[in-house]
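Listed in order, the protein sequences are those of chains A and B. The first sequence begins at 1 in our numbering and counts up one residue at a time. The second sequence begins at 1 in our numbering and counts up one residue at a time.
Fair warning: there could be bad hints in the mix.
Claimed, not checked - Pairs of lysine-lysine, DSS-like flavour, derived with a Cα cap of 27 angstroms:
| # | chain 1 | residue 1 | chain 2 | residue 2 |
| --- | --- | --- | --- | --- |
| 1 | B | Lys-168 | A | Lys-450 |
| 2 | B | Lys-563 | B | Lys-549 |
| 3 | B | Lys-168 | B | Lys-123 |
| 4 | B | Lys-388 | B | Lys-563 |
| 5 | A | Lys-315 | B | Lys-599 |
| 6 | B | Lys-388 | B | Lys-549 |
| 7 | B | Lys-123 | A | Lys-450 |
| 8 | B | Lys-38 | B | Lys-123 |
| 9 | B | Lys-34 | B | Lys-123 |
Claimed, not checked - Rough simulated footprint, nothing fancy, chain A against chain B, three-plus residues with beta-carbon under 8 angstroms:
| # | stretch |
| --- | --- |
| 10 | 78 to 85 |
| 11 | 180 to 194 |
| 12 | 515 to 524 |
| 13 | 579 to 592 |
To be verified - Chain B side only, calculated, beta carbon under 8 angstroms to chain A, not exhaustive:
| # | residue |
| --- | --- |
| 14 | Glu-152 |
| 15 | Leu-153 |
| 16 | Leu-156 |
| 17 | Gly-163 |
| 18 | His-167 |
| 19 | Ala-173 |
| 20 | Leu-596 |
Think of the hints as simulated: they come from the structure by calculation, not from any bench. Ideal Cβ placement from N, Cα and C applies to all residues, glycine included.
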Amino acid sequence: MNETSSILTWLILFPLLGAVAVALISPAARAMARLVTLGTGFACLAVNLVIWLRFDVREGGFQLIHQTAWIPSLGVEYHLGLDGIGLVMLGLTSFVMLMAMGASDDESSPAYYSFLLFLQGGLYGAFTALNFVHWFLFWELCLIPAYFLIKLYGGPNRSAAAMQFFVYTMVGSIALLVGYLGLYLATGTFDLTVLAQKGAAGEIVPSIKAALKGTFLDGGRAYTLIAFGVLLGFAVKVPLMPFHTWLPGTYGEAPTAVTMTLTGVMSKLGLYGLLRLFLPVFPDFIRNHLSLLLLLAAMTVVLGAASALAQRDLKRVFAFSSINHLGYCLLGIFAVAGLGSPEDRAAALCGVVYQMASHGITAAALFAFLVFLERRSGGLLGMGDFGGLRRLAPVFCGLMGVSLFASLGLPGLSGFIGEFLIFKGVFGIVPWAAVAALPGVLLTAVFILKMIQEIFHGPLNGRWSGMADLTVQERVLVLPATVLMILLGLFPGILLQMVNPTIVRVVDGLNLP
Amino acid sequence: MSVSEPNTAFLWTIPALPLLPLLVAAVLAVYEPKDRRKASLWAIGALGTVFAFSLLALIGLASKGAGRMVLNFTWFEFGSTSLRLGWVLDPLSGIMLVMITFVGTLIFIFSTGYMSEDGNYRKFFCYLSLFAAAMLGLVISNNLLMLFICWELVGLASYLLIGFWYHKPEAAAAAKKAFITTRIGDLGLFLGMLWLYSETGTLLFYDGGNGCLEQSALSAMVAKSTLLGMTVSTAVSLLIFCGAIGKSGQVPLHVWLPDAMEGPTPVSALIHAATMVAAGVFLMARVYPLISIAPEGVAVSGGLQVMAWVGAATALFGSLVAIGQFDIKRILAYSTVAQLGYMFMGLAVGGVAVGMFHLITHAFFKALLFLGAGSVIHGCHHEQDIRKMGGLRKRMLITYVTYAVGMVSLAGLPGFAGFWSKDEILHSAWSWPVSTWPFWIGLFGAFLTAFYMTRQMAYVFFGDYRGGENEPHESPINMWAPLAILAASSCLIGLAGTPFIPLFQSFLDQAPVHNHWHWSVLGFWIVSMSVVAAGLATGWWFYGVETPKRSTDPDELEARFPKAFGLFAARLHVDEFYRDSVLRLPGWLSGVAAWLDRKVFAAAVGAGAYAVLILAWLSRFADEYLVNPGFDKGCAETRRGARFLARLQNGQVQEYLRVIGAALALFILVLAMGNK
Numbered sequence: 001m002n003e004t005s006s007i008l009t010w011l012i013l014f015p016l017l018g019a020v021a022v023a024l025i026s027p028a029a030r031a032m033a034r035l036v037t038l039g040t041g042f043a044c045l046a047v048n049l050v051i052w053l054r055f056d057v058r059e060g061g062f063q064l065i066h067q068t069a070w071i072p073s074l075g076v077e078y079h080l081g082l083d084g085i086g087l088v089m090l091g092l093t094s095f096v097m098l099m100a101m102g103a104s105d106d107e108s109s110p111a112y113y114s115f116l117l118f119l120q121g122g123l124y125g126a127f128t129a130l131n132f133v134h135w136f137l138f139w140e141l142c143l144i145p146a147y148f149l150i151k152l153y154g155g156p157n158r159s160a161a162a163m164q165f166f167v168y169t170m171v172g173s174i175a176l177l178v179g180y181l182g183l184y185l186a187t188g189t190f191d192l193t194v195l196a197q198k199g200a201a202g203e204i205v206p207s208i209k210a211a212l213k214g215t216f217l218d219g220g221r222a223y224t225l226i227a228f229g230v231l232l233g234f235a236v237k238v239p240l241m242p243f244h245t246w247l248p249g250t251y252g253e254a255p256t257a258v259t260m261t262l263t264g265v266m267s268k269l270g271l272y273g274l275l276r277l278f279l280p281v282f283p284d285f286i287r288n289h290l291s292l293l294l295l296l297a298a299m300t301v302v303l304g305a306a307s308a309l310a311q312r313d314l315k316r317v318f319a320f321s322s323i324n325h326l327g328y329c330l331l332g333i334f335a336v337a338g339l340g341s342p343e344d345r346a347a348a349l350c351g352v353v354y355q356m357a358s359h360g361i362t363a364a365a366l367f368a369f370l371v372f373l374e375r376r377s378g379g380l381l382g383m384g385d386f387g388g389l390r391r392l393a394p395v396f397c398g399l400m401g402v403s404l405f406a407s408l409g410l411p412g413l414s415g416f417i418g419e420f421l422i423f424k425g426v427f428g429i430v431p432w433a434a435v436a437a438l439p440g441v442l443l444t445a446v447f448i449l450k451m452i453q454e455i456f457h458g459p460l461n462g463r464w465s466g467m468a469d470l471t472v473q474e475r476v477l478v479l480p481a482t483v484l485m486i487l488l489g490l491f492p493g494i495l496l497q498m499v500n501p502t503i504v505r506v507v508d509g510l511n512l513p
Numbered sequence: 001m002s003v004s005e006p007n008t009a010f011l012w013t014i015p016a017l018p019l020l021p022l023l024v025a026a027v028l029a030v031y032e033p034k035d036r037r038k039a040s041l042w043a044i045g046a047l048g049t050v051f052a053f054s055l056l057a058l059i060g061l062a063s064k065g066a067g068r069m070v071l072n073f074t075w076f077e078f079g080s081t082s083l084r085l086g087w088v089l090d091p092l093s094g095i096m097l098v099m100i101t102f103v104g105t106l107i108f109i110f111s112t113g114y115m116s117e118d119g120n121y122r123k124f125f126c127y128l129s130l131f132a133a134a135m136l137g138l139v140i141s142n143n144l145l146m147l148f149i150c151w152e153l154v155g156l157a158s159y160l161l162i163g164f165w166y167h168k169p170e171a172a173a174a175a176k177k178a179f180i181t182t183r184i185g186d187l188g189l190f191l192g193m194l195w196l197y198s199e200t201g202t203l204l205f206y207d208g209g210n211g212c213l214e215q216s217a218l219s220a221m222v223a224k225s226t227l228l229g230m231t232v233s234t235a236v237s238l239l240i241f242c243g244a245i246g247k248s249g250q251v252p253l254h255v256w257l258p259d260a261m262e263g264p265t266p267v268s269a270l271i272h273a274a275t276m277v278a279a280g281v282f283l284m285a286r287v288y289p290l291i292s293i294a295p296e297g298v299a300v301s302g303g304l305q306v307m308a309w310v311g312a313a314t315a316l317f318g319s320l321v322a323i324g325q326f327d328i329k330r331i332l333a334y335s336t337v338a339q340l341g342y343m344f345m346g347l348a349v350g351g352v353a354v355g356m357f358h359l360i361t362h363a364f365f366k367a368l369l370f371l372g373a374g375s376v377i378h379g380c381h382h383e384q385d386i387r388k389m390g391g392l393r394k395r396m397l398i399t400y401v402t403y404a405v406g407m408v409s410l411a412g413l414p415g416f417a418g419f420w421s422k423d424e425i426l427h428s429a430w431s432w433p434v435s436t437w438p439f440w441i442g443l444f445g446a447f448l449t450a451f452y453m454t455r456q457m458a459y460v461f462f463g464d465y466r467g468g469e470n471e472p473h474e475s476p477i478n479m480w481a482p483l484a485i486l487a488a489s490s491c492l493i494g495l496a497g498t499p500f501i502p503l504f505q506s507f508l509d510q511a512p513v514h515n516h517w518h519w520s521v522l523g524f525w526i527v528s529m530s531v532v533a534a535g536l537a538t539g540w541w542f543y544g545v546e547t548p549k550r551s552t553d554p555d556e557l558e559a560r561f562p563k564a565f566g567l568f569a570a571r572l573h574v575d576e577f578y579r580d581s582v583l584r585l586p587g588w589l590s591g592v593a594a595w596l597d598r599k600v601f602a603a604a605v606g607a608g609a610y611a612v613l614i615l616a617w618l619s620r621f622a623d624e625y626l627v628n629p630g631f632d633k634g635c636a637e638t639r640r641g642a643r644f645l646a647r648l649q650n651g652q653v654q655e656y657l658r659v660i661g662a663a664l665a666l667f668i669l670v671l672a673m674g675n676k
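Given only the sequences and the hints, what does the whole structure look like? Please build it.
Here it is as structure tokens:
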């Protein structure tokens, strides 16, 4: 492996220190708090760039490793490392968090910004951890600032939404924790890389059986239960239908800038978890329940889009749209465990990571546009509240149009590449699953074009006749995302060359027939 | 990188063809020139330059006799393979390049007049350039994925241009309808592409023997059978054909094309008549090796059979419905639907050259007709109802003459473009081994075409003007000049494909030119000429002999056959049928999803929550009524005992003494009593 480095630790500490600093700022000095937060955000982006420069993209294994003993008696280590998938996720986190900070209300209190930075630190930690214990610590750490951001700064039903979000996610987390504790008792390790090796070698079931020898419990059943527990944790987070009911309320009630982070990055945490903690460790479980899992994923895609079509509130439309888009990722991840060629598996996983990045950028941008719209409409975000906005705000509609079409999967923009690769891989492995999910592609177009028709087109709603187009500051905020959508749509190699060596290693490591 | 021919350095310049208009589009998207004429000048300049280069490329191709030149490159890598794209210059793409850029440039010029008053002049040319770029990219693609990308981008440009006057609710709705309806077909194309990819491991059409349209891949696919006993090649090509059905407005996905007439008329001419809607025909011509390959012992592949029937059905449907329309553009739109049907029929029964020849001639005369209609609409102050026109023959002479050329070309009068190309289709259909029905349908369609075009001519150009006060006027030179050029080319273009010197066909098929003339051809000519003549005559008899006097007069055909006419006018109720059936599906599905969310998933979660609550209440109950009272009672007992004991030990000496005294007294008393 590579040389040891502590840069990842610094990356995690940076926003956490920033969070403490901002929390100490007097509530009266709001401009100051915003300034320090944005400064920290940019600093994180800079550190991230340094990491990217030091990262060798041709290498598929973990790099920039930081490993020291922590609680040796329990096999708990402080073990950080980065591979291509992690690299993309770190970049996405830095980018989306900075966007969310920029899109936040100027009048937000220091506490609000402190929570955002706290969240960022937690995300960095979770995307770099290679030992379950502190991975879980960071995973849970993300939950707390998110809870307070919703509870303290959200919409009218924020308390109920925050509670639902917290409790629902917590239930999943506990199932995940119990599952991994069971795994630890059987295998004696919390190290994710070791567990992945054991998963590939098929040693997990025998070790569970060995651990349960002499008891009345059945090892195979225990394996299924453990795997299901772990899956549940991620299924709630992503979400996989039918574990999604917390999401629309949460996305709808959270402050829109916070929803940018929820959909942009936190939802990726669940997918990342599936890629890192589930797929390599439990490939047999996925294989045994392949049809059911693929069916649920296809359902997530199709019903997510269908539900979006039924919504009248824009935040909820995009909430369901998120479910739909991440459903493709679930489809890709599950299908990998089926019988297929390494090329199809690699295509599916490359597509999954591409879709994660693309959706992160696109969804964050879309919610940023909702922030702008909210500012102008005094909080109104109903489908029927607008009409003909293109005449007054052509720049707003044009730029949001790019994001919408990227979200729709228009070729030439980033969303298409991920969907194409996922469908290519899934079709090669389990053709029916690809066919079953395909109507989702159409329904996505239907609800997005319907939205454009109702909000941008048609006669101008006289109520907004004084609406101003985007300010310079707002344009600067969304321009990088728009440029990325176009670049990633035309030159997929930019991102895939970072990810592909890792994907090849993951696929080889799976050791599947 | 693989270059099949050594002396092909100029292949590197081919991608510049779409990139030049794309550059113009990109510049116009962000920069507004002070003088708005600059916007159109750049767009026209770019496309005109591309036309010159395309012509050079075509001439080079023809003079060299080189069959096909491809250049492939790696787009990105995944796993241990890579996805390669590429472009191809062969007779098929060469001809399309020249047609698109020629017709496109003329339409761009026409637009400078037609759109001169519009507030979004710059945006219009920006979208037009985007469209041209995507269309050119589509044509030169040597990879189905790249073709699909451009295919969707022309769809986007079409969406933006149909909805160009987005403040009109009809335009906004039509744009959405066009995009979504074509996307339904695109699902099939997408699936076909995935299937092709997983069967052949490549999406390159030609790759030095390893492409998906080359022999080894084809024989593998035709040898394998799949669902319903189809060969894989047939199944894949039918899925790809779904995309063509959507894009080229074939039955049953034709409904978007007439509505697309909400866009500005130059858009209808360029996108919805000459180029984009023909992309479906081009696609099938491109993948012709795939759709036409049949297992041994089968004369006509299943794919071609389906294509022929779909084409024939559409040709009949479009021609019938066109009879009952009053909107000048909608008549032409249904005519386009029908003619596209002819093209598919031609591809299926006669091969690439037959279908493509009609595509090219149609592009010229239909662009001419649409621009003519645009000129009429412009001259009549944005009136599109033919009942409110009339007598324009004298008021718009140039438009009238050029429109007449387009009309006879479409109707198929001998010598004009449509005559040569339509006759070839009919000729091939006659000898089609599967059935002669497509021939009879095609012949009937030719009659209907002549009829509805005569009807339109009579309504618009003959009789007296019925439009009221506003006098119509002839259009300016930047509008009529393109008309004149297109009219001249409509006369000439057919000569490239006569049976005597079939240059077009031999160029496409890469075969030496030789005279196809046979006396049997004369027989077909006589039959088709008489059918066309009958159509013209019937049309004139109905509408020309006595033209309607007022705009409110009933249609002549309506007066005689009200039921049939009503059916045609209502477009055979297809739109209503969809509205009440297929279009309910998304709503229904979203209802199901919402119901599942509320009544099943959320209810399950709610039930879980209530279960936890009930548990909590139970434990509270147990605490309060069982555990707590017991505990409390125990505590109370203990407290009482303790209080008692505590009282005994309250630390007051006199109390102790009193107790001791009393006890002592009692003790003495007991002793004293006991001694008795």
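Worksheet item: Does the structure break any of the earlier hints, and which numbers would those be?
Response: Structure breaks hint 12 only.
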